[in-house]
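The numbering of the sequence shown is UniProt numbering, which starts it at 1 and goes up by one.
Just so you know, these hints were derived from the structure itself, not from any lab.
Among the hints, a few may not be true.
[To be verified] Straight-line Cα separation of at most 20 Å, SDA-like style, residue types lysine to any residue; simulated pairs: (1) K142 to T43; (2) K64 to K102; (3) K102 to Y113; (4) K142 to P16.
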Amino acid sequence: MQTIDNIRFNHSIYLPGDNWITLLHDISGVHIPIMLPNAHLITFVEAFRSTATCSQRIQNNTNKNVTLFAYEDNLNWLIANDYANGLPHLHKVHIFCSSTDKQQFWKSWIQRYRDRFEEPFLANDLDYQLLLIGDRHIDILKQQFIDVESVQNHLIQDQRAICQALATHFLNKANAEDERIRFSEEARE
């Protein structure tokens, strides 16, 4: 199964863009890996295992609009340095959490930063969330590189693969709901 370590950022296509998506998952010691079945499609995300490297990358590129996906335990540098307010090019922050308790904590905490922080979600939804934002991200980049045919073609291929993965996700979700309904109807009989 693929994890965050399997994400391979495509520097030649996505680095020149005005909008970046970064992912920070700086975990030391033993931890449960976050499964990303579609990591091979997530070439539009630059993943970092080091908070220092990620924060430096964001701070040094003020000409980019950055969207950050960060694990719940990797937000201290943002909070301690008031970067949630102090980095205008840090466009959005998405927090992925290990448990519903942590999700509730962060949901409450972000109320003061609603313009920057998106609704926290569980880590097992990270693959889906990245695919969703990837589809929108590629739409933006296609407009930016409208006159560069080779980049356009690559973006179209990436977007097609992402949309197919999302279609599979929604089909599996619908099938699971159908199965749940079928079992509940059988239980009533």
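**OP:** Please name the hints from earlier in the document that this structure breaks, with their numbers sorted from lowest to highest.
**Re:** Checked against the structure, the only hint that fails is number 2, while the rest are satisfied.
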